[in-house]
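Given the structure of chain A, go ahead and fit chain B onto it with the hints provided.
Listed in order, the protein sequences are those of chains A and B.
Following the numbering used here, the numbering of the first sequence begins with 36 at its first residue and continues without gaps.
Following the numbering used here, the numbering of the second sequence begins with 176 at its first residue and continues without gaps.
Some clues are possibly wrong.
Stated by the list, open to error - Heads up, simulated DSSO-like pairs for lysine-lysine below, C-alpha to C-alpha not over 27 Å straight-line:
1) B:Lys239 - B:Lys255
2) A:Lys277 - A:Lys120
3) A:Lys185 - B:Lys409
4) B:Lys190 - B:Lys417
5) A:Lys275 - A:Lys96
6) A:Lys96 - B:Lys255
7) B:Lys409 - A:Lys99
8) A:Lys275 - A:Lys99
9) B:Lys186 - B:Lys417
Claimed, not checked - If you anchor each label on the Cβ, the simulated ranges turn out as follows:
10) A:Thr60 - B:Ser515: 35 to 43 Å
11) A:Asp89 - B:Lys185: 30 to 38 Å
12) A:Pro72 - B:Gln189: 49 to 57 Å
13) A:Thr101 - B:Asp435: 20 to 28 Å
14) A:Pro93 - B:Gln189: 32 to 40 Å
15) A:Pro72 - B:Lys185: 20 to 28 Å
16) A:Val134 - B:Leu380: 31 to 39 Å
Just so you know, the hints here were simulated from the structure itself, not pulled from any lab data.
C-beta: ideal position from N, C-alpha, C; glycine also.
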Amino acid sequence: MSDVIANVAEALAEGSARIVDLTHTLDPDFPVIILPPEFGQCARFRMEEVSAYDHRGPAWKWHKLTLNEHTGTHFDAPSHWVSGKDVPNGDVDEIDPSVFVGPVVVIDCSAGAAEDVDFELTPDVILAWEAEHGEIPADAWVLMRTDWSKRSGAQYLNMAEDGPHSPGPTPDAIRLLLERDIRGFGTETVGTDAGQGSHYVPPYPAHYLLHGAGKFGLQCLCNLDQLPAIGALLIAPPLKIKGGTGSPTRVLAMVNT
Amino acid sequence: MTTPLTLPPKKDPQKRTKVPVLPPVARGRAALGLGVMAAQGRFGLQVCSECAAIQYPPRDACVKCMSEDLAWQDVDPTGKVMAETTIRVSPEPYFRERMPWRMGAVQLAVGPTLNCHLHGEIGRGDAVRMALKLDKAGQGVLIALPLKGSDVMQDDPVLRAMSCDPKHRRILISDARAPMALALTQAMLSAGAAHVFLGEPEAWLSWPERAELEGMENVSIMPLDVTDVSSVAKLAAEIGGKVDILINTASYVRVGGIMDNDTSFASNSFEVNALGLMRLAQGFGRAMSGRVQDGINSAAAFVNILSVRALSPDANYGAFGASQAAARSISQSLRAEFQSSGMRMMNVYIGPIEGDAWFQPLPPPKVTPNAIARSVVSGLVDGLEEVTCGDIARDVYARWQADALLLEREMTGGGS
Chain A
36 MSDVIANVAE ALAEGSARIV DLTHTLDPDF PVIILPPEFG QCARFRMEEV
86 SAYDHRGPAW KWHKLTLNEH TGTHFDAPSH WVSGKDVPNG DVDEIDPSVF
136 VGPVVVIDCS AGAAEDVDFE LTPDVILAWE AEHGEIPADA WVLMRTDWSK
186 RSGAQYLNMA EDGPHSPGPT PDAIRLLLER DIRGFGTETV GTDAGQGSHY
236 VPPYPAHYLL HGAGKFGLQC LCNLDQLPAI GALLIAPPLK IKGGTGSPTR
286 VLAMVNT
Chain B
176 MTTPLTLPPK KDPQKRTKVP VLPPVARGRA ALGLGVMAAQ GRFGLQVCSE
226 CAAIQYPPRD ACVKCMSEDL AWQDVDPTGK VMAETTIRVS PEPYFRERMP
276 WRMGAVQLAV GPTLNCHLHG EIGRGDAVRM ALKLDKAGQG VLIALPLKGS
326 DVMQDDPVLR AMSCDPKHRR ILISDARAPM ALALTQAMLS AGAAHVFLGE
376 PEAWLSWPER AELEGMENVS IMPLDVTDVS SVAKLAAEIG GKVDILINTA
426 SYVRVGGIMD NDTSFASNSF EVNALGLMRL AQGFGRAMSG RVQDGINSAA
476 AFVNILSVRA LSPDANYGAF GASQAAARSI SQSLRAEFQS SGMRMMNVYI
526 GPIEGDAWFQ PLPPPKVTPN AIARSVVSGL VDGLEEVTCG DIARDVYARW
576 QADALLLERE MTGGGS
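For reference, chain A alone in the conformation it holds in the complex:
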């Protein structure tokens, strides 16, 4: 085993493998999910100085952070959703850390999302991907590439009077991924579900079905266009928050160059 790790380290050092950062910068202006205002809301990222080499602490600078577990690029644990509330070890501090590093496949939906803001990842799209790349391996992360991360400002949530419009998976697509026994599902949008995902049966199918089955979610990812369809390694360890339902996460991928 030590040879394998030495080989990985060497590959990274010599450049035959590289790390791709799939994480947005935590920034006060980065959008968060918006719910009807009478519901509790996702805290925006805020950072206040505790000291900055000044009278509050002469030789050091540090900040106080305020944020939600689901602010910025983040990990969803099964306990995030009502369907997953009784999943064993469903909080971020209880999850077996071995699942935080693992294989990842990327389904490229960027052409479709460019044409249609409500583009749906359907079983047909998945089956077409499998026809080209082979069946999605069990226990792999599946990421839906839409290039949505390249949008900014109001275009990111893409809010209209009838709610947000952004691409996402249909209930049947999630059911097919669960048949493949994936580890988790990730997107470039603000959630794992489509902007209009509340109108599916069940509402928010990615959250409802994935977490009910003990699977994980990743959202607000970026740089998915730098990943191969298959063959990359995903590194996504959430913070070890007691009873946490998710966590802002530095998501990395290791790819062959």
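Frame of chain A; chain B shown alone:
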């Protein structure tokens, strides 16, 4: 007789900005009552409860009957200028910079003779109306005003120094999404404001009302979120040196009492309503305080729009009321901190706003955005510190002044 003020030319960057100097500050306790009346735009004097004598200057006992029961009451402000004089030399730095200075003696129709400042449009023998105004030291002073002044009477230099008139000044409205932001912008421009900056929080969330503000002449929409210290600092770095009047419209309202309310909503209420004001003061307050004597478009006022629930809570809006009480307390501390610079801190108390979704189930009367805008403008023109807008705010404020504990019982203890 009043020379109209014109928009000042750009500043000469080689000249030092004048630092604020104040008229004399010290007052006895009785004389502070003049400031209490002036802060509310009222003209009143001590009236003896025993012998009904109207007394000036304020004292600790009635000069007629020695009673100590001297209530401040509104009195008829009309009178006649009996004498005037022009002062050409003074040891006080504030007045030395403004010589010559006219003073007069006005006999009120109700009796007392008052020593007072004179508006430029009046002189000896003229019928006048008296007003109590706050001077740059924040103290109540008397000024005789024309019964019917010219259209530009507010431009009189003595009166202008007692006012925070928006004319030719640059305004920052902290939250463009607030229900009264559009009305306030229009009212400020109508009142002669040179420019209105509007802070826009969360530009990543679209809002249709933005279209009405976009493209208005002399209006700029700038990123500003009072919950984000870096956002406040960024905007202060950009325009902090040219904000003359800052109007804090940011507000966060959620329905609910204390036991059944979510502390994360309560936390947001405090973040926006109380700490937001503090962040604005930290970002903009010092630069504004330094520019109180910076010519025609000098810094003049910090305005905080408060719910009248700051004075006595409605238990159905418990956490909101608590945040408003905290915001009022911050306003009062700021007022004390601004005192040495001559900056005015004006609180505008309002009731539930017409059209605001968070007050939707409440019955009328409600206060309209236009009424709030009018009150802010007139409060600034009159140089006030305490303004009430709308029937509910006026009523609650008056009852609170009369008896705060009785008001609490009326609000929460079965008053009908």
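Structure-based check of each hint:
1. Taken as a hint, the Lys239 of chain B and Lys255 of chain B pair is honoured in the structure, with Cα atoms around 24 Å apart against an allowance of 27 Å.
2. In summary, the hint linking Lys277 of chain A to Lys120 of chain A is supported, as the alpha carbons are separated by about 15 Å, within the 27 Å threshold.
3. Under the criterion of a C-alpha separation no larger than 27 Å, the hint pairing Lys185 of chain A with Lys409 of chain B is consistent with the structure, at around 25 Å.
4. Proximity of Lys190 of chain B to Lys417 of chain B is assessed by CA-CA distance (about 16 Å); at most 27 Å being required, the pair is judged to hold.
5. A C-alpha spacing of about 24 Å is found between Lys275 of chain A and Lys96 of chain A, which places the hinted pair at or below 27 Å, so the restraint holds.
6. A threshold of 27 Å between alpha carbons decides the hint, and for Lys96 of chain A with Lys255 of chain B the separation of about 65 Å lies outside it, so the pair is violated.
7. A hinted pair counts as satisfied when its Cα atoms are at most 27 Å apart, and Lys409 of chain B with Lys99 of chain A qualifies at roughly 19 Å.
8. Distance restraint check for Lys275 of chain A and Lys99 of chain A: the Cα-Cα separation of roughly 18 Å lies within the 27 Å cut-off, and the hinted pair is therefore satisfied.
9. Restraint check for Lys186 of chain B and Lys417 of chain B: satisfied, since their Cα atoms lie roughly 11 Å apart, inside the 27 Å limit.
10. Between Thr60 of chain A and Ser515 of chain B the beta carbon distance is about 41 Å. The supplied range of 35 to 43 Å therefore holds.
11. For Asp89 of chain A and Lys185 of chain B, the hinted distance range of 30 to 38 Å is satisfied, since their beta carbons lie about 35 Å from each other.
12. Evaluation of the 49 to 57 Å hint for Pro72 of chain A and Gln189 of chain B yields a pass: the beta carbon distance comes to about 52 Å.
13. Judged by the Cβ atoms, the range 20 to 28 Å given for Thr101 of chain A and Asp435 of chain B holds: they are separated by roughly 24 Å.
14. The beta-carbon spacing between Pro93 of chain A and Gln189 of chain B, approximately 37 Å, falls within the hinted interval of 32 to 40 Å.
15. Restraint check, Pro72 of chain A to Lys185 of chain B: a C-beta distance of roughly 44 Å breaks the suggested window 20 to 28 Å.
16. Between Val134 of chain A and Leu380 of chain B the beta carbon distance is about 34 Å. The supplied range of 31 to 39 Å therefore holds.
Hint compliance for this structure: hints 6, 15 are broken, all remaining hints hold.
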